[in-house]
Structure formats: C-alpha cells, structure tokens
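Given the coordinates of chain A, work out where chain B should sit on it, guided by the hints.
Protein chains in written order, with my numbering: chain A, 210 to 304; chain B, 1134 to 1831.
Source of the hints: derived by calculation from the structure; they are not laboratory data.
Among the hints, erroneous ones may be present.
Stated by the list, open to error - Quick list of in silico lysine-lysine cross-link-like pairs, DSS-like style, CA-CA up to 25 Å: (1) B:1220 / B:1285; (2) B:1416 / A:274; (3) A:293 / B:1340; (4) B:1285 / A:293; (5) B:1782 / B:1757; (6) A:214 / B:1455; (7) B:1398 / A:274; (8) B:1476 / A:274; (9) B:1500 / A:250; (10) A:293 / B:1476; (11) A:281 / B:1397; (12) A:214 / B:1782; (13) B:1525 / B:1609; (14) A:250 / B:1416.
A quick note: this is a predicted structure, and the numbers were derived from the prediction, not measured.
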Amino acid sequence: MNPYKILDIEKNSLKQEIIQAAGRAMRERKYSGKEIATAQKKLMDDISEPAEAFMCFIDVEPLLKACAAELKAENISVSETEEKLTYLLGSEDIS
Amino acid sequence: MKKKLENLEAILDRAEYLFEKGNYVLAKAEFEKINSVFPQDDFAEKIAICEKEIAQVRFKELVKKARKYAKKNSLGEALGYFEEAYKISQEDWLSERIAELKTELFGRNSFEAAKSAEDSGDYVKAADLYEQAFATQRDEELLLKKAGLLVKAGKYEEAVSAFRSLDVSDDDAKYNYGFALAATRQYCECLKIWDTISPLFPLAGYKTFSQQKRQIQSRLAKDLMLEFSKLIGDKTHTEKQTEAFSDIYEQGRYLLEHSEIEKKKLTALTEYCKYLQIAFMWKQEKYSDMLKLLLPYPKELNADLLALYAKTFFRIAETSEKYFSDLVMFWLTALYHEEIFAKLSADEEQSGQIREQLLHYAENMIKIHAEAGNIEAKKALRIWNVEKRIVKGLRDLSEIEPEAARLVCSSRFAEKFGRSDEVISFIRNNRSFFSNIEHYLLTGGIFSSAGKSLFHLLCGEHEESLASLPELYDPKEAEFVKYCTERVHFSYGLYCLEKGDSRFVRYFESAAPLFEKAPDYEKMVIEKSLACHRLEEIGRYENALSEIHSKRPGSEIRNALSLVMVRRGIGMYNKHQINSKNMEVILKKALQLNPENELARVTLRSMQVDIEMEALGKAINKHKMNKACRIAADSENKEVKSEFFEFMKRNLNHLEEMEMENEEKVFLLNDFFKWCARVDESHAILNDIDRIIKKLEK
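For reference, chain A alone in the conformation it holds in the complex (with noise of 0.2 Å):
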C-alpha cells in the first residue's frame, strides 16, 4: 500500500502535515484504521520514509529535461514549404 496515497499527502512533507493528514484520513474513513496508523508510522520515521518516497515516486523531470535539450540543440524547424504530391499509379512520368 501506498503510504502516501493513503494519507493523500506529498512526498517530503512535514511531521505535523503528516499527522493532520493521518486525522483527516480517519475522518474520511477510506482506508481502515490499521492502514492509516501503518502510513503514518512509515512516513514518520527517518529511514522509512525515503525507503517509502523511493518505491512511491518516480522523477521523469531529469529524463524530460535531458529530451528537451536535445530537441533545443537540433533547433525544430517546420516552415518548409510541402512539395505537391503526385499521383503515381499509371502515370508515365514514373522511372
């Protein structure tokens, strides 16, 4: 289960954020009490909550960003005009 997804909180969020959001998942009543309380033990804790963070996020960003500089070096062009398309089928200009 995902820890965050339970608590419905961010990634590197505060302690106190935590446990405002372990109260308001009780409220709410979506996950049981046993789930809620397991979340919110994982996310307090120092090495359980990056062990958490690590199987619960990924980072496209780095991947995007690395794409995106390579399109800006191979500079995007598109206003060349369209050569007309000719119609091949029986025509004797074909070779």
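This is chain B only, laid out in the frame that chain A set:
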C-alpha cells in the same frame, strides 16, 4: 347436300387424326372449319384443348430460348423471352427469374456505364456507377474500383472512408488508399499501408515511389514536430493532451523503426512523449502499460532511467506476480548505483540503512510469492541470494577502485547492457581482494558466458544448465568458464547418480580440480555417499568415489570410499548376492584403503569366524580330524577353538556311554588327546582325557 356432308366428314376425320397425332395447330384449323358450318360443343371443346396445347408449346419454346440467351450472357434478349413466356403462364419462378435478370441487367448496365465514364475521365460519375453496380452484383472489387476512382477524382476524404470498410490486399488499392491518406494528412497511416506493398509490385521498384515515401516520411516528421510544439506550449496537462502525446509517440516510433529519416531529433521527440506518458501512467498505477513503453531496453541506462526501471519492475512484480527476475536485475543494480544511493539521503550512514530497508522490501516480496508457490519467484529468490552477495562484493571492491563504480551491477544487468567483459577484467585485476579462490571464481563465473548455465544450476534446472554451457569463449574468461563447467558437470553428475543414470561417472571426471578450488563440494559428495541407504545408490556412490579417488587420492575420499565399499558389501552379503569369500575380499580391500576402518575390521573379524566355523564344521562332518585340528590351531578366533573343544567334549561324553572294549576306548582317547594337544597343549580337556585313560587302564 350429300357431297357437302361427305366433305365435312373428311374434314372431321382429318381433324381427329391431327389431334391424335398431337398436331394441334392444324387440328385446331380443321375443327374451326367444321364448327363454323356445324357448331357443336364437342368441337368447341376440342378447339379449346388445341389452343391450350398450342400455348403450352409456345411457352416451352420461349423459356428454352430465354435460357439459351441467358447462358450466352445476352441478358436483354433472355429477359424479353422470359417476359413473353410469363404472359402465357404466370408461374412464380418465372417472375423471380425476370426480377433477377432485371437487377443483373441493371448492374451490368451500371458497370458498363461506369467503365465508359471512367474511360472518358468522369471519375466521380464512374465511382457512383460502380457503387450502383455493387448494389446488384455484390462484388467488393467494385467498391475498391470506386474508392480508387475517388482518389483519381481528388475526393480523398470520401476515398479514405470507402477504403476503411474494405479489405485492401491488392497493391494497386494499397497505393490508392495510402495516397488518399497522405492527401488527408494521415501520413503515418499512409506509410503503414505503403510499407505492406509487395516488393514485386511494379511501382515498388521505381525510384519515384521511394522518393514519394520519403516525402511522406518527411511530412510526418514535420507534422509531429509541429504538433509537439503546440502541445508543449499548452501547460494544462489534460488527459486529452496525454493522448495527443501518446499519438505522437506511436507515430514517431513507427517512423524511427520504418524509415531512414534523420533520427536524432525524432528520437528526442518520441522519448519526451514516452516519459510524459510514463509519468501519467505511474500516477494511475498502470504499471503494465508502462512496461510496453519501457521495453525493449535501451542500449544505455543512466541513473534516472535505471531508478525508473527498478521502481517499475518492483510495482509490476508486486501487482502482476511476474517479472521477478527483472526486478532482481534492476533493484540490486539501482540500489548499489552510487548516484542513486547518494540521493537516498544526505547522510551516508542513513542512506545505507535506507538501502537495506529497500533490499529487504524486495526480498520479502519475492519470498512471499515464492512461499505461495510462484515458480518464477522461487527461481528469482535463488538468483537474488547469489546476486545480492556478488553485487555487494563488487561494491566493496569499487571502494578500493572508485573509477570502477559504474561496474557495480547484477550479472544479468551487465549482460543486457554489455558490461560483462569490463566487469570480468575488473574482477581479474583484483583477484587478491576475494576471500578465497571459490569466491573469486564464482564472482567471475556469474559474469562470464557460462553465467547463464550457473543460474540454471542454482534454480535446479540441470538439463538446461548443462545445455547452456558455452562451447566457445573468450580466453580472458577461461578460468571462470572452466570453474562453471566443473561445477555444472559435478552437479549434473550428482543429479544423474541420484536418479540412477549411469552417465554420472563421465561428469565426475572433472570433479578433482573442482575440489581443489572448493573443498566443500568434496565434503558434500562424501556426506551424500554416507547418508544414502539404498544398495543400488550406495553402489553408484562407490563408483563415483572410486572415479574421484583415482584422479584425486585424498585421505577423506579414500576413507569415504573404504566405508562405502564395506556398506555395499554388507548389503550384498545380507541379500545373498555375494558369499563370505567375496565379502572377505571386499573387506580386505576396504582395509587396504583405510586400515583404520573400524566397520571393515569388525566385519572382517566376524566374517572370518563364520568362515572358519564353516570350514571346521565341514572337516568334522567329513571326519577329517587332522584338518579340523589345523583349522582350530591356526585360528586366531577363540570362538573357533572353543567350538573345536566343545565338539571334543561331546565326543568324550558319548565315548563314556558307549559299550565297547576298554582297550578300544583307550585307543580312541589317545587320538582325542593328540588332536586336542595340537590345538591347545594347556587346555583342561587334556587332563580329563588323561584321567579317563588312566581309569580305563586300571
């Protein structure tokens, strides 16, 4: 008047005659002549019959003619005759046939008209007429014709929609369809269609067609760029936008895979779209969909991509109960990757703890699935246990040589991403780092070309393990491949031995060098040989140990062989498969190998008593007392001697009770004395014999 009557009679006769002969036309004329002069109901009836018969004949003639024309495909004439026949007889089948012919004729007319319109260049009209012809003829070719003509007429959108509902397998039609798609800016679809055109299709060989394809590829690339620029500018990130990125990705991928267009820019574009989709799918927990985008693996993985693969495979394994071995490969590599490790926490010690926890999560997850009976998870767990140790070892090694940090990876990762050779060199250059020779060889072996075979072995897949040993390999990895081969052969030998396959001896031939490097395997085979109980299996172990001993005569193998020989001998003796003499030979041989073999010694002693007792009994039964004395005298076993004296005591008692002359008794007693004295001069029986002799002599 009389003459007139005679004349009428003659007409009537002729009429009747003709009627009888079936010539109803002439008969009718004759009957009408008579009826006009002398009207009678009888004549009128005959005339009616004739008329009916005449009509019937006419009907048959018309139908015959109609069918003849229909056969000749002259549908107009056929229709005329059928219609005329229908006037005579309104039969149902005839009306149906007339309707059919009319439809067919209409279709044919439409087809002819379409052809003529096509010849005159009126393609729109021709297309319409072909569709009309299809309505009657139901031939899909007509619709393909229509769609093709719409292309010629420049009605591209209509042409595309006409082609969409058809099975386009003809190359002409494929070209037309593709052209219409291109003309409506559906470039990717056009290329997909044109790429299926047969190379034998005349147009396919023309340069102009290749140029046209390149033109479309270039247009598609430009369109994708344009669309991408628009989407990037819009920061709303809606689901619709994600779909648009997905479209660009799919088309970009197709173009990359099926064209020779400049790839760098297009690759960056498709990759960008791919990662955007991945981020979206991750949020929605669509991990299996992510996998479709992540496979096949790229040639190179940087830290960000490696972390992405590791996390995705963790989630996929967790939810789909598959891909455990991929999880092992990426999870270990990612967590021991120095860049990823550094990002876990600012504090190195804490990073270490986080890594341990993450390793524990993955291991635990695999274990849970393995314990639930998932075969792939069971295999992955065995691989995990070995790979974890190996990767950790490489990490420790890289601390000595920091520039080699990029080589810290699982063996499957190294193989997939072409790092195996470098890792092997790294291991070879740091031989002294390893705790023992086997640790060194195992680490190198896992990364060598025999690594796959070793993994099969770890998973208990003996046949696959043997089959995947490499026949050719790089001399640089020779020592590792050799070690793997020895291990695989040794394990395969044990596997054969345990299942009763006699080929096991062949595979133990290379066991000696393996035991040199890893004595634990020698201990293993010794323990197994001593733990088995079935006679056949003990026999096979004896052969195996004997083979190993012949190549590597170490004391442990020798002692084990000695013990196994005795155990086998005892088993055979107890089953009466060998006699005591054979058993004695075995025991002596076992004692030769190991003089301290207590089991052999005790058994041999006990066997010898049995043998001597048997020989003593035989000699006594045959009254060969000299031989009996010699056996008892020579024996070192007191049981044999005491058996001899017991026998003599019984004889002494019998003699006392026997009725015979005293002289005879004394004679016999002197023999008794002589025999007993030969065995033991100090035995008490001698006094008894002497006393009886003296008593008898008195």
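Hint-by-hint comparison with the structure:
1. B:1220 / B:1285: violated (47 Å)
2. B:1416 / A:274: holds (20 Å)
3. A:293 / B:1340: Between residue 293 of chain A and residue 1340 of chain B the Cα gap is close to 17 Å, so the pair holds against 25 Å.
4. B:1285 / A:293: Holds. Residue 1285 of chain B to residue 293 of chain A sits at ~15 Å (cutoff 25 Å).
5. B:1782 / B:1757: Distance ~17 Å between residue 1782 of chain B and residue 1757 of chain B Cα, so the pair holds.
6. A:214 / B:1455: Holds, at about 24 Å.
7. B:1398 / A:274: Answer holds: residue 1398 of chain B to residue 274 of chain A is near 14 Å, not above 25 Å.
8. B:1476 / A:274: holds (18 Å)
9. B:1500 / A:250: Between residue 1500 of chain B and residue 250 of chain A the Cα gap is close to 24 Å, so the pair holds against 25 Å.
10. A:293 / B:1476: The hint is violated at about 54 Å.
11. A:281 / B:1397: Holds: residue 281 of chain A and residue 1397 of chain B sit about 12 Å apart, inside 25 Å.
12. A:214 / B:1782: Judged against 25 Å, a Cα distance of about 101 Å means the pair is violated.
13. B:1525 / B:1609: OK: residue 1525 of chain B and residue 1609 of chain B at ~23 Å, within 25 Å.
14. A:250 / B:1416: With a Cα-Cα distance of about 23 Å, the restraint between residue 250 of chain A and residue 1416 of chain B holds, given a limit of 25 Å.
Checked against the numbered hints listed earlier, the structure breaks hints 1, 10, 12; every other hint is satisfied.
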